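S.K.: Mapped onto UniProt numbering, the consecutive letters of the sequence shown carry residue numbers 1 to 139.
If you are wondering where the hints come from, they were derived from the structure by calculation, not from laboratory data. Accuracy of the hints is not assured; some may be wrong.
Said to hold, decoys possible - Distance condition first, Cα-Cα at most 25 Å in a straight line; then the derived SDA-like pairs of lysine to any residue:
#1 74 to 127
#2 74 to 51
#3 74 to 105
#4 123 to 138
#5 49 to 6
#6 13 to 84
All values reported here derive from a predicted model rather than from experimental measurement.
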Amino acid sequence: MLDRTTTLFSHVKPNDTAFVRGGLRDFFLYRDLGIAEATHGKVIAHLVKANEPPDGGTGWHIHEADFQIVIMIKGWAKFMYEEQVTLVEAGDVVHQRPGIRHYLFDYSPDMEYLEIVSPADFKSVPVEPVCEIPPPTPW
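Given the sequences, and given the hints that come with them, work out the whole structure.
M.R.: Here it is as structure tokens:
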């Protein structure tokens, strides 16, 4: 049974928090949804949206996390998951298993996704390239 005493109730409306710089990637904007605070760092949920063209992308990396999903809300993004190009479009849900080597290399100007990760203070760790990356679509 869930111990309801260790987490807090949270309700964040669209105008309660703004999209800001300062997240994992400089070329995205992030909107905090209050989940990290409510769960005392067990989980983070934030909206991520494109802010600059995909010049260079994220580079090859893994996340030190126990759980991560991406739910594409608007637009699209192209990821390399290991050696596989994966187009993630609005409405798609991706579970990124722990330790999967990946690279977000292309996205639309209107891209926006919800990311939920545990723990909230997960790390992104660069890894050796797996394969060549296709060029991004010019904006």
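S.K.: Which hints from the list above does the structure break, by number from lowest to highest?
M.R.: Violated: hints 1, 4, 5, 6.
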